[in-house]
Amino acid sequence: MAIITFSLICLFAYRIRRLPEVIRTILLILGLLSGWFALFEIISYLEANPYLAAIPIALGLGYWFWRRKKKQQAKPPTTL
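If you count the sequence shown from 1, position 13 lands on 12 in numbering that gives the first Met the number 0, and the numbers rise without skipping.
One thing to keep in mind: the hints can contain errors.
Said to hold, decoys possible - Listed below are the simulated SDA-like cross-link pairs for lysine to any residue, each with C-alpha atoms no more than 20 Å apart in a straight line: (1) K68 x A57; (2) K70 x I54; (3) K70 x G59; (4) K74 x F64; (5) K70 x L58; (6) K68 x I56; (7) K74 x W63.
Don't read these hints as lab results, they were simulated from the structure.
Just so it is clear, the structure is predicted and the values come from calculations on it, not from any experiment.
Construct all of the structure, not just a fragment, from the sequences and the given hints.
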């Protein structure tokens, strides 16, 4: 969990703070590298507890459905 937290903090600091370009570059590199390790950590956790894989799948499908519905409401129907 520490790797995931470190990755998010690095990317948050890169995105929000007005820092010199050198520090921003270092934060970006650290955030991306720790993000890769965090991805492996999440995958290993899901391999150990496969029933938890349903949570991100359900969240992803829910978000996809919500975005699709929102796009359809914003676009006027076309007539042929």
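Tested hints:
A C-alpha spacing of about 16 Å is found between K68 and A57, which places the hinted pair at or below 20 Å, so the restraint holds. A distance of roughly 24 Å separates the Cα atoms of K70 and I54; the hinted pair therefore is violated under the 20 Å criterion. Taken as a hint, the K70 and G59 pair is honoured in the structure, with Cα atoms around 16 Å apart against an allowance of 20 Å. Using a Cα cut-off of 20 Å, the hinted pair K74 and F64 holds, with the two alpha carbons roughly 16 Å apart.
For the hint linking K70 to L58, the alpha-carbon distance of about 18 Å falls within 20 Å, and the restraint holds. Between the alpha carbons of K68 and I56 the distance comes to roughly 18 Å, so the proposed pair stays at or under 20 Å and holds. With a C-alpha separation of about 17 Å, the suggested pair K74 and W63 falls inside the 20 Å cut-off, and the hint holds.
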